[in-house]
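With the sequences and hints as input, model every part of the structure.
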Amino acid sequence: MTSTDSTKSQHASDRQDIRSIEDFGLVRHPDTQGYVDDSEALSRAFGGTGLGDIFANRFIVTCVLAACTGGLLKFVTYRPGFDQGILSVVYVMPRFLDQFPEVNDSVSTAASFNKGLMTGMLEMGAFLGALMAGFVADKYSRKASILFGLIWFVLGSTVQTASFNYATLVAGRTLGGVGIGILSSTAPMYISERKQVAPPNVRGALLAMEQFTIVLGIIVMFYITYATRHIASDWCYRLPFLLQMVPSIFLGGSLYFLPYSPRWLASKGREEECLDALCKLRQLPSSDPRIQAEWILIRGEAIHNREALLIRHPNMRGEGFKMELQREIASWVDMFRPEVIRRTHIGIGLMFFQQFVGINALIYYSPSLFETLGLDYELRLTLSGVMNVVQIAGVIPAIFLLDKLGRKFWLYFGSFGMMSSHFIVAAMVARYSANWADHPAQAWVGVAFILFYIWCFGTPVPWSMPAEVHASSYRAKGVALATCSNWINNFIIGLVTPPMIRNIGYGTFLFFGSFSFLSAVWTYFFIPETKGKTLEQMDAAFKTDQSAKDAVAKAEISQLLCPAGSGSSDDPARVDEKRYDKGGFEQEWQETVI
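The opening residue of the sequence shown carries number 1 in our numbering; numbering runs sequentially from there.
Source of the hints: derived by calculation from the structure; they are not laboratory data.
Keep in mind that a hint or two might mislead.
Under the rule of at most 27 Å between Cα atoms (straight-line distance), these lysine-lysine pairs were calculated in the DSS-like manner [as the list claims (entries may be wrong)]:
hint, residue 1, residue 2
1, Lys477, Lys531
2, Lys408, Lys531
3, Lys543, Lys531
4, Lys139, Lys404
5, Lys143, Lys477
6, Lys143, Lys408
7, Lys543, Lys554
8, Lys268, Lys543
9, Lys531, Lys549
10, Lys268, Lys322
11, Lys531, Lys554
12, Lys322, Lys477
13, Lys139, Lys268
14, Lys531, Lys404
15, Lys139, Lys408
16, Lys322, Lys543
17, Lys554, Lys280
18, Lys268, Lys280
Between beta-carbon pairs, the in silico distance windows are [said to hold, decoys possible]:
hint, residue 1, residue 2, range
19, Gly320, Thr168, 36 to 42 Å
20, Phe416, Val389, 20 to 26 Å
21, Ile18, Pro314, 17 to 23 Å
22, His439, Ile151, 49 to 55 Å
Every value quoted in this text rests on a predicted model; they were computed, and no experiment measured them.
Think of the CB as a built atom: it goes at the ideal place given N, C-alpha and C, for glycine as much as any other residue.
The following block contains the structure:
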């Protein structure tokens, strides 16, 4: 960004606050410049990774607890876990089928379609919610957007709980889906930004805690629903719908105590509030070089992202709701520019194949699929629960080995593992389904490979890679488009799976097995390896220079915010990290205050 660029605007909304530290009345620490230039030194300066470091201040404890809530929220929103845990049991409850005969195969000839529509309308609502989430989150804050989504979700859950006919139940699921779509786009953004404002030395612990709560939540909800089926009234299925609201209400209450994201505050030009938030979150004074450096980097990124959009669309400078809406639409269109579309395609494609390899088909309709293997009612439900537990076994290796073996390895491993599982199960069903009683061993082979399929699926790559491949000025919309792809494809799978199970039987497994193979082929031709690569190195894979341009622009902005030579040491790139060992600076600060 040049000085000329910064003075073109004629509107207050276009004037970026590029005041330096000194302009805010602060005394710059000699080490601040070094941390701005060396983010790795900044990370090291925050300390170790032990339990003592994690619980060193109140914010870290809050962040860990918030990550747990975020994990519960993810398991409501990402797939969504609560809904999967509920429906896989509810769909085979006799009382539910009596109350809603439209989804009872023995009563309605359209039951398969109605069941798919009931499942899929939540995903369609989520798709619509995901589209509106970004604008609400950017304009009114991440916290406000989450609260907005929670209101929709609780309203939908209430309607589902009180439903006495099929139409009302579908309407409730659509309303809840809008909330889920808003949450699925906004909550990860807010959780991610809370991780970013957490000291770098404990972000891994937060990620592990969050991942743990996701898989734990799915299991807990399944077994709660498994237990409620013994209730001798309609509450056997109404209670699980009601319990969907518990983590949402808990998260809504916790929002009151959680701070605004410093990154959002910076994006709105609230510079002093951003600094105050960082000081409170870190429990460090504004004179600490780590606080000063992080504040500069956060402000620089916010300025860069806005300037990048205005440079692409110079005729959209101005203020007001109409202009903001035009910029929002333009930012979506930008994702399909020639230099960006390959990266956009990766996020959309990953979510397409994540659904079309059949994961949600198995989780939503696992009892029905186990029925094709000739298993009785109780055993089908038991194995559905075991299948959820196996997900943990699939996630754990990826957590520890994802960065060692690379993203493409896990995509290949998952694709071929799922393909072989689908084809083997299809062969068992095609050959022996006419007489399972005489072939119990073959039925258990089918069960084993369904469980193996679930284990192979347990990689987080489709959710992590969209953020890794996009340059910073495109990342938010890139992740949002991937999320939209997830929901629209989830809707399609939820709609078509019941008729497929009913009409083509083992062909359902062949269908998903074929897409598992295609996902491996697609990965080979279109997915670059992102392991250990910077965004600038990703440019080479996509034959663009967008990330490199972003890096240069951010460096220029940082120089404006923290000009070299003013209050800096003789060697600004050198940082005396020993001063920050064992909380040295915090001790100095406390002594000064006392």
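Results of checking the hints against the structure:
1. Under the criterion of a C-alpha separation no larger than 27 Å, the hint pairing Lys477 with Lys531 is consistent with the structure, at around 22 Å.
2. Restraint check for Lys408 and Lys531: satisfied, since their Cα atoms lie roughly 9 Å apart, inside the 27 Å limit.
3. As the CA atoms of Lys543 and Lys531 are separated by approximately 18 Å, the hinted pair is consistent with the 27 Å bound.
4. The straight-line distance between the Cα atoms of Lys139 and Lys404 is roughly 39 Å, outside the 27 Å bound, and the hint therefore fails.
5. Distance hint between Lys143 and Lys477 is fulfilled; the C-alpha atoms sit about 18 Å from each other, no more than 27 Å.
6. With a C-alpha separation of about 35 Å, the suggested pair Lys143 and Lys408 falls outside the 27 Å cut-off, and the hint is violated.
7. For the given pair, Lys543 sits about 21 Å from Lys554 by alpha-carbon distance, which is consistent with the 27 Å threshold.
8. A distance of roughly 33 Å separates the Cα atoms of Lys268 and Lys543; the hinted pair therefore is violated under the 27 Å criterion.
9. A C-alpha spacing of about 21 Å is found between Lys531 and Lys549, which places the hinted pair at or below 27 Å, so the restraint holds.
10. For the given pair, Lys268 sits about 17 Å from Lys322 by alpha-carbon distance, which is consistent with the 27 Å threshold.
11. A hinted pair counts as satisfied when its Cα atoms are at most 27 Å apart, and Lys531 with Lys554 qualifies at roughly 23 Å.
12. The hinted pair formed by Lys322 and Lys477 meets the criterion: a straight-line CA distance of about 19 Å does not exceed 27 Å.
13. Of the supplied pair hints, the one linking Lys139 and Lys268 holds, its CA atoms being roughly 8 Å apart against a limit of 27 Å.
14. For a cut-off of 27 Å, the pair hint linking Lys531 to Lys404 stands: about 8 Å separates their Cα positions.
15. Between Lys139 and Lys408 the alpha-carbon distance is near 36 Å, which puts this suggested pair outside the 27 Å criterion.
16. For the given pair, Lys322 sits about 35 Å from Lys543 by alpha-carbon distance, which is inconsistent with the 27 Å threshold.
17. Simply put, Lys554 and Lys280 have alpha-carbon atoms about 26 Å apart, close enough for the 27 Å limit, and the pair holds.
18. Straight-line distance between C-alpha atoms of Lys268 and Lys280 comes to about 19 Å, which keeps the hinted pair within the 27 Å bound.
19. Between Gly320 and Thr168 the Cβ separation comes to about 40 Å, which falls inside the hinted range of 36 to 42 Å.
20. A C-beta distance of roughly 23 Å is found between Phe416 and Val389, which places it inside the suggested range of 20 to 26 Å.
21. Evaluation of the 17 to 23 Å hint for Ile18 and Pro314 yields a pass: the beta carbon distance comes to about 19 Å.
22. Taken as a hint, the range 49 to 55 Å holds for the pair His439 and Ile151, whose Cβ atoms sit roughly 52 Å apart.
The structure is inconsistent with the numbered hints 4, 6, 8, 15, 16, although it conforms to all the rest.
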